[in-house]
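Q: Below are the chains, spelled out letter by letter.
There are 2 protein chains.
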Amino acid sequence: MTTRVEIWTDINCPFCYLGKARFDQALAGFEHRAEVEVVHRSFELDPGLPADASGPVIAHIAAKYGISVEQAAANERGIAAQAAQLGLPYQTSGRDFGNSFDMHRLLHFAHEQGNQDRLVDALYAANFAEPAPIFADTERLVAVAVAAGLDETAVRAVLDDPNAYADAVRQDERAASQLGATGVPFFVFDDKYAVSGAQPTEVFTQALTTAWNDRPAPVVLAADEDTCGPDGCAI
Amino acid sequence: MTTRVEIWTDINCPFCYLGKARFDQALAGFEHRAEVEVVHRSFELDPGLPADASGPVIAHIAAKYGISVEQAAANERGIAAQAAQLGLPYQTSGRDFGNSFDMHRLLHFAHEQGNQDRLVDALYAANFAEPAPIFADTERLVAVAVAAGLDETAVRAVLDDPNAYADAVRQDERAASQLGATGVPFFVFDDKYAVSGAQPTEVFTQALTTAWNDRPAPVVLAADEDTCGPDGCAI
Chain A
336 MTTRVEIWTD INCPFCYLGK ARFDQALAGF EHRAEVEVVH RSFELDPGLP ADASGPVIAH
396 IAAKYGISVE QAAANERGIA AQAAQLGLPY QTSGRDFGNS FDMHRLLHFA HEQGNQDRLV
456 DALYAANFAE PAPIFADTER LVAVAVAAGL DETAVRAVLD DPNAYADAVR QDERAASQLG
516 ATGVPFFVFD DKYAVSGAQP TEVFTQALTT AWNDRPAPVV LAADEDTCGP DGCAI
Chain B
336 MTTRVEIWTD INCPFCYLGK ARFDQALAGF EHRAEVEVVH RSFELDPGLP ADASGPVIAH
396 IAAKYGISVE QAAANERGIA AQAAQLGLPY QTSGRDFGNS FDMHRLLHFA HEQGNQDRLV
456 DALYAANFAE PAPIFADTER LVAVAVAAGL DETAVRAVLD DPNAYADAVR QDERAASQLG
516 ATGVPFFVFD DKYAVSGAQP TEVFTQALTT AWNDRPAPVV LAADEDTCGP DGCAI
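Read top to bottom, the protein sequences are chains A and B. Letter 32 of the first sequence, counting from 1, is numbered 367 in this note's numbering, and no numbers are missing. Letter 144 of the second sequence, counting from 1, is numbered 479 in this note's numbering, and no numbers are missing.
It is worth saying that the hints were derived from the structure and are not from the lab. Treat the hints loosely; a few may be bogus.
Said to hold, decoys possible - Label-pair distances were calculated between CB atoms; the ranges are:
#1 Ala-388/B x Glu-537/A: 42 to 52 Å
#2 Pro-497/B x Lys-399/A: 55 to 65 Å
#3 Lys-399/A x Ala-464/B: 52 to 62 Å
#4 Arg-368/B x Glu-560/A: 23 to 33 Å
#5 Ala-501/A x Asp-566/B: 19 to 29 Å
#6 Glu-560/B x Asp-381/A: 13 to 23 Å
To be verified - Partial list, computed: chain A residues near chain B (C-beta under 10 Å):
#7 Glu-372
#8 Val-374
#9 Asp-387
#10 Asn-410
#11 Gln-417
#12 Ala-542
#13 Thr-545
#14 Ala-569
To be verified - Mimicking EDC-like on lysine to aspartate or glutamate, the simulated pairs with C-alpha atoms at most 16 Å apart in a straight line are:
#15 Lys-399/A x Asp-381/A
#16 Lys-399/B x Asp-381/B
#17 Lys-399/A x Asp-566/B
#18 Lys-399/B x Asp-566/A
All C-beta atoms in this analysis are idealised placements derived from N, C-alpha and C, irrespective of residue type, glycine included.
So here's chain A without its partners, still in its complex pose (with noise of 0.2 Å):
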């Protein structure tokens, strides 16, 4: 029996970069780790954004939340010290901000074709440690899904089709909803322990153990008709 991790997440949350890279060391140390399956699911920190909005973070963070454009560079260089901590890349120069739709639904056809994890992983890299914007520019985001191993008429494909994967992006909203989760990144081991937050690499260590030695036994609801065994069919 395998222990699934569900990951909400969005490709806007400088924490959720963090805390995969947090998780992914703790996975990497755990000794159960091929029998660990990861589905990232999909958050929309700002969904009412158009999808055509883009431009510096740190200017529509001070306006959005009302604080100083010197405060919002501050905590951008918080954030840039504990990724250099985890010795992630991090922009200092300001990174963009724009509607994630699109790329959740990529991520939904990325999962789909088992590539999901190595686009999460490069679009986190395209959004917070390379200057070049990814939001409302496909071909950059067509680029990096390519880069990323997926196909390109696939991908343009899905980009094209605005009802492809929405459905799924909006059905794991409603699901982190229903969980109670109101940020992220926000953790789900086997659907029954829950992590909030970039944590340190110690708890996920403790909420991977922890699951796997609670996976339970499950109650036979039916059994022994019409099986076949290594003795045969029974008939």
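Starting from the known structure of chain A, fit chain B onto it as the hints suggest.
A: For chain B alone, kept in the frame of chain A given last:
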């Protein structure tokens, strides 16, 4: 929160073929089917067979289990009658037997590609509904996999490397053993409920409903530090 169904199965197993059809019927009529994830797991009925062994199954079963050829043929006819009730094609002239390890390796690759369910159906059809042998015939296996939507070069690469996905197959088999499954099909719902055998469709409907209604709220192990929400990132 989704519900996950894991189905241990072997392509050699006629009750797995029937059981999947009944499960699929239950799933098609289940209100929350869009939030049900299905994963096929490996279980070899006859792992000791040489990779190149193949031949008509009736004589093989009769010899292996010490029953008469007439009894083995009657068993096949009994299964064919059950298949007919489900509208499933089942060849009456006798299917073949063989080692299924390569098929299981390919099913793990197909899972990564998002094509696993389609490949399971294609392999069942090739084995139970079509007269050409599917065992010990790499070219036919490639053709079936490609017809199920997989890339031919990638399929050949998996089949040419005996280690590709071999550990994943064995891990599924260890998990089945730990769960106490001695035969297939064996269905596990959210790690909590199990159904053994090609049970009637209503049993699967009941199991889906039970698992769905019993999705508990997760226990929060750690919360509220370093998250981003609609009102910004907590610093």
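Q: The structure should be examined with respect to each hint, and the outcome stated for every one.
A: Structure-based check of all given hints:
1. Ala-388/B x Glu-537/A: 42 to 52 Å: 51 Å, holds
2. Pro-497/B x Lys-399/A: 55 to 65 Å: 56 Å, holds
3. Lys-399/A x Ala-464/B: 52 to 62 Å: 60 Å, holds
4. Arg-368/B x Glu-560/A: 23 to 33 Å: 25 Å, holds
5. Ala-501/A x Asp-566/B: 19 to 29 Å: 25 Å, holds
6. Glu-560/B x Asp-381/A: 13 to 23 Å: 21 Å, holds
7. Glu-372: Holds, because the Cβ-Cβ distance from Glu-372/A to chain B comes to roughly 9 Å (cut-off 10 Å).
8. Val-374: Constraint on Val-374/A satisfied, holds at 9 Å.
9. Asp-387: Violated - the Cβ of Asp-387/A stays beyond 10 Å from chain B, reaching only about 21 Å at its closest.
10. Asn-410: Interface hint status for Asn-410/A: holds (5 Å vs cutoff 10 Å).
11. Gln-417: Holds. Min distance 8 Å.
12. Ala-542: Because about 5 Å separates Ala-542/A from the closest Cβ in chain B, which is inside the 10 Å limit, the hint holds.
13. Thr-545: Interface hint status for Thr-545/A: holds (7 Å vs cutoff 10 Å).
14. Ala-569: Given a least distance of 8 Å, the restraint on Ala-569/A holds.
15. Lys-399/A x Asp-381/A: Given pair Lys-399/A, Asp-381/A holds - Cα atoms ~11 Å apart, limit 16 Å.
16. Lys-399/B x Asp-381/B: With Cα atoms ~11 Å apart, Lys-399/B and Asp-381/B stay inside 16 Å; holds.
17. Lys-399/A x Asp-566/B: Judged against 16 Å, a Cα distance of about 9 Å means the pair holds.
18. Lys-399/B x Asp-566/A: 9 Å, holds
Figure legend: structure checked against the earlier numbered hints; the only hint not met is number 9.
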